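Put chain X on the given structure of chain B with help from the hints.
There are 2 protein chains.
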Amino acid sequence: MTPTTPRVTAVDTYDIRFPTSRELDGSDAMNPDPDYSAAYVVLRTDAADGHEGHGFTFTIGRGNDVQVAAIRALRHHVIGRPLDELCADPGTLNRDLIGDSQLRWLGPEKGVMHMAVGAVVNAVWDLAAKRAAKPLWRLLADAEPEWLVSQVDFRYIADALTPQEALDLLRAGREGSAARTDTLLERGYPGYTTSPGWLGYSDEKLTRLARQAVADGFTQIKLKVGADLDDDIRRCRTARAVIGPGIRMAVDANQRWNVDEAVEWTRALAEFDPYWVEEPTSPDDVLGHAAIRRAVGPVKVATGEHVQNRIVFKQLLQAGAIDVLQIDAARVGGVNENLAILLLAAKFGVPVCPHAGGVGLCELVQHLSMFDYVALSGTTKDRVIEYVDHLHDHFLDPVVMRRGHYAAPTAPGFSATMRPASIAEFTYPDGEFWVKDRAGQPATHQPNGAAA
Amino acid sequence: MTPTTPRVTAVDTYDIRFPTSRELDGSDAMNPDPDYSAAYVVLRTDAADGHEGHGFTFTIGRGNDVQVAAIRALRHHVIGRPLDELCADPGTLNRDLIGDSQLRWLGPEKGVMHMAVGAVVNAVWDLAAKRAAKPLWRLLADAEPEWLVSQVDFRYIADALTPQEALDLLRAGREGSAARTDTLLERGYPGYTTSPGWLGYSDEKLTRLARQAVADGFTQIKLKVGADLDDDIRRCRTARAVIGPGIRMAVDANQRWNVDEAVEWTRALAEFDPYWVEEPTSPDDVLGHAAIRRAVGPVKVATGEHVQNRIVFKQLLQAGAIDVLQIDAARVGGVNENLAILLLAAKFGVPVCPHAGGVGLCELVQHLSMFDYVALSGTTKDRVIEYVDHLHDHFLDPVVMRRGHYAAPTAPGFSATMRPASIAEFTYPDGEFWVKDRAGQPATHQPNGAAA
Chain B
30 MTPTTPRVTA
40 VDTYDIRFPT
50 SRELDGSDAM
60 NPDPDYSAAY
70 VVLRTDAADG
80 HEGHGFTFTI
90 GRGNDVQVAA
100 IRALRHHVIG
110 RPLDELCADP
120 GTLNRDLIGD
130 SQLRWLGPEK
140 GVMHMAVGAV
150 VNAVWDLAAK
160 RAAKPLWRLL
170 ADAEPEWLVS
180 QVDFRYIADA
190 LTPQEALDLL
200 RAGREGSAAR
210 TDTLLERGYP
220 GYTTSPGWLG
230 YSDEKLTRLA
240 RQAVADGFTQ
250 IKLKVGADLD
260 DDIRRCRTAR
270 AVIGPGIRMA
280 VDANQRWNVD
290 EAVEWTRALA
300 EFDPYWVEEP
310 TSPDDVLGHA
320 AIRRAVGPVK
330 VATGEHVQNR
340 IVFKQLLQAG
350 AIDVLQIDAA
360 RVGGVNENLA
370 ILLLAAKFGV
380 PVCPHAGGVG
390 LCELVQHLSM
400 FDYVALSGTT
410 KDRVIEYVDH
420 LHDHFLDPVV
430 MRRGHYAAPT
440 APGFSATMRP
450 ASIAEFTYPD
460 GEFWVKDRAG
470 QPATHQPNGA
480 AA
Chain X
30 MTPTTPRVTA
40 VDTYDIRFPT
50 SRELDGSDAM
60 NPDPDYSAAY
70 VVLRTDAADG
80 HEGHGFTFTI
90 GRGNDVQVAA
100 IRALRHHVIG
110 RPLDELCADP
120 GTLNRDLIGD
130 SQLRWLGPEK
140 GVMHMAVGAV
150 VNAVWDLAAK
160 RAAKPLWRLL
170 ADAEPEWLVS
180 QVDFRYIADA
190 LTPQEALDLL
200 RAGREGSAAR
210 TDTLLERGYP
220 GYTTSPGWLG
230 YSDEKLTRLA
240 RQAVADGFTQ
250 IKLKVGADLD
260 DDIRRCRTAR
270 AVIGPGIRMA
280 VDANQRWNVD
290 EAVEWTRALA
300 EFDPYWVEEP
310 TSPDDVLGHA
320 AIRRAVGPVK
330 VATGEHVQNR
340 IVFKQLLQAG
350 AIDVLQIDAA
360 RVGGVNENLA
370 ILLLAAKFGV
380 PVCPHAGGVG
390 LCELVQHLSM
400 FDYVALSGTT
410 KDRVIEYVDH
420 LHDHFLDPVV
430 MRRGHYAAPT
440 APGFSATMRP
450 ASIAEFTYPD
460 GEFWVKDRAG
470 QPATHQPNGA
480 AA
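Protein sequence lines correspond, in order, to chains B and X.
Numbering-wise, the first sequence is residues 30 to 481 according to my numbering.
Numbering-wise, the second sequence is residues 30 to 481 according to my numbering.
So here's chain B without its partners, still in its complex pose (with noise of 0.2 Å):
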């Protein structure tokens, strides 16, 4: 018998809708009632060692089965793929995903289908670092300068970062990333919290909330801002009074503003001493975000969580617009992208803050700045990611926060996989959740995965 080469066989999709909006858990000004859901893939093999690569995009609902038909239409670039050579280099399959040259007109690489390109990379990326046995920011820390140069498509930002800029960077960052890698794997990687600032929140229940995040070791917090002044001036001044003035607080408006509308605002909350100001407007705004910043002052300006590939970091960066770079692991294509995005942060001395939260979403970014730490920027100063206490339940490899530091997960992969009872259960619509919902029948688990 002769070998065969082991190959992806199957490329399978779910719908997966937790009914979040319920207990107005993320709740923000633009989003009042997000079902925090998954368009989820997993990529099967026929290897002999069983390994699937799980993905997925993060939405809050309505659309989910949208970003599921675009998963879908990436497919026959997938199936039959030799997985030694897919592993090996999952620069050729991003590439070769974003430049269909018939599914690019519905972006280019924005939206919806670079979403979905986003999912299918990352399930590529777990499948490689489970099969390297390695979780992946230690696949990523480990790989060759050059290598990882080879990852990054560099179309669109060369004139920002050069292929040699790259890797002058990331052999920089190579020095000294055992020790960093020790570190790590002793303290964690800094993390802040978002628990204590939605919106919909009591003041007794965001002032309890702040409470514990100060007591469980978080150095910043977050507050949701930018429905109302009178009440996000209530509620920052209950806030601070809560920290204290050497607990940073970051504030949240989800683009909810326009450019002199963020300018008026953050200044009405300036007295409050906010860290950084989080999408004061809408994330396309290069150039907004660049004024906002020169008013706003020494209030820091962050984004990126909406912010739809490389192309436009390279630019907030260009133009000076941001003092904080938020990468989401599952907004743009995927791991590659994101080391480019990485590397771009780099370049401009930008600190990475990543957005987390809604499902899985901390799950998979831990590995990214954990790869920054210790084989790129080489530093946690000021770098803290995001965490919020949502559904980690529902996850085989969930993040563990100690002392406010996420520790560095173990396991082999991207931390992507899914409990099999929680796609199950909350698969929409026939799931048994949903079913018993229609039904009007009581629930067997809590969206958060507790039983009911």
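Mixed in with the good hints there might be a few duds.
Identical chains blur together in the list; that is why a pair holds if it fits in one copy or across any two.
[Claimed, not checked] Quick list of in silico lysine to any residue cross-link-like pairs, SDA-like style, CA-CA up to 25 Å:
1. LYS163 to VAL429
2. LYS410 to ALA348
3. LYS465 to HIS105
4. LYS329 to GLN347
5. LYS376 to ALA348
6. LYS376 to ASN287
7. LYS163 to ASP41
8. LYS329 to ALA187
9. LYS329 to ARG184
10. LYS465 to GLN131
11. LYS376 to ALA319
12. LYS376 to ALA320
13. LYS376 to GLN180
14. LYS376 to VAL292
15. LYS329 to ALA348
16. LYS234 to ARG277
Since the hints were made in silico from the structure, they are not lab data.
For clarity, every value in this text was computed on a predicted model and none was experimentally measured.
Just chain X, lined up with the frame of chain B:
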């Protein structure tokens, strides 16, 4: 019996695909094999007049199903709406669609979901114009400036254009509109043709079609470039020799280049006096376009067919990044957002030369330019609408070209209504054409609508 209020009763969708890739029609440096397609939507009502609202997103093949799914995700916003309210104020529906807090996550205002919004909003304008018994350009040109301003969403653009400035522009634009209407009805609106310049065409075909274009009265043609510089030099030389120095020749790179490449390549073609270079790089790269424009003058820089929304157009104007603004009728959020973009262009004094071609894009966008001429910019100087001789016969009210000019439509509506027989035949994958195609049988009709 109480008279009932007529309402939208259904939002039907169709996945329509034409096998244009087999003829190399529409081939360019980034899109070698487009199958021109429409994610098509029909609003049905219970009104006695029997009018329907037709709209669509243009795509180039794969992914048209994803686009259809996105339109379907919007249906609940439309079904049941009273027609009188809907047609008197499409802007409210526009805001509701863009503001759907869960669907917004999939953009915001970009890509698949935003084009779906555009298809639905355009279908409403088609219905409104049919009910008003006017072609859309005339409905818009006859409207009160105050009402037009109410149709514009100023969110994220108010720093560049205030409602008062928009009102002033529209009031000034009305002066002399009656005379311009007469001129328009008599002469039509100038067009330019891309038909000679597709990348897949032989030099002989380029020569023949360029000569024909001049004979047909066009004063501008366009060539696709960007795949191979030597080929481009030869093709530009050939075309310039055929058309002579008095005819404008634009070149279109379809996003093929990085910033530096765009500058070098454009300079290498400068001896052939290109009028504009179109889509020299990513449509997302405002600062890149500005850098290119600074370097390639007197060649003008044009872009817009892939620009996702008014926010990016705003920045292209603020940054002085373009000489020519190219709206597309079906890329952004429909007529309402294109009103915003036309107003921005008027404010900044930049001429609008729409993108068209594909399926039905000529039919739609002519209405916007004609409105702009009659009631906003008041001029056709340096303004031309792209024309491509593709697929017009599938429409009930196809564009009519006379001496290189678009004749002003007189039939009520947005010229968006496709022939029922064409919808039936080219619906994918179950229309007659595709069924026969899979079975290896000859088609009844050519993709261009002619008998085979």
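A quick look at each hint next to the structure:
Taking identical chains as interchangeable, the C-alpha atoms of LYS163 and VAL429 lie at most 25 Å apart only when both belong to the same chain, with a minimum of 17 Å there against 64 Å between chains. For the identical chains of this complex, LYS410 and ALA348 are intra-copy neighbours only, at 23 Å inside a copy versus 34 Å across copies, given an alpha-carbon limit of 25 Å. In this assembly of identical chains, the alpha carbons of LYS465 and HIS105 lie at most 25 Å apart only when taken from different copies (23 Å versus 35 Å within one copy). Within a single copy, LYS329 and GLN347 get their C-alpha atoms as close as 16 Å, and across copies as close as 24 Å, so both meet the 25 Å cut-off.
Proximity of LYS376 to ALA348 under the C-alpha cut-off of 25 Å is found in both arrangements, the shortest distances being 14 Å within a copy and 24 Å between copies. In this assembly of identical chains, LYS376 and ASN287 lie within 25 Å of each other by CA distance solely across copies; the values are 19 Å between and 30 Å within a copy. For the homomeric pair LYS163 and ASP41, the shortest alpha-carbon distance inside one copy (24 Å) is at most 25 Å, but the shortest distance between copies (49 Å) is not. Taking CA atoms no more than 25 Å apart as the test, LYS329 paired with ALA187 passes between copies only; the shortest distance there is 23 Å, against 27 Å inside one copy.
In this homomeric assembly, LYS329 and ARG184 come within 25 Å of each other (Cα to Cα) only across copies, at 23 Å, whereas the closest approach inside a single copy is 30 Å. Taking the shortest Cα distances, LYS465 and GLN131 sit within 25 Å of each other only across copies (23 Å), while inside one copy they are farther apart (41 Å). Proximity of LYS376 and ALA319 under a CA criterion of 25 Å is satisfied in both settings, with 18 Å inside one chain copy and 22 Å between copies. Taking identical chains as interchangeable, the C-alpha atoms of LYS376 and ALA320 lie at most 25 Å apart whether they share a chain (22 Å) or sit on different chains (20 Å).
In this homomeric assembly, LYS376 and GLN180 come within 25 Å of each other (Cα to Cα) only inside a single copy, at 17 Å, whereas the closest approach across copies is 43 Å. In the homo-oligomer, the alpha carbons of LYS376 and VAL292 lie at most 25 Å apart only across protomers (24 Å), although the nearest pairing inside one protomer, at 28 Å, exceeds that limit. With identical chains, the CA atoms of LYS329 and ALA348 are at most 25 Å apart both within one copy (15 Å) and between copies (23 Å). In this assembly of identical chains, the alpha carbons of LYS234 and ARG277 lie at most 25 Å apart only when taken from the same copy (19 Å versus 67 Å across copies).
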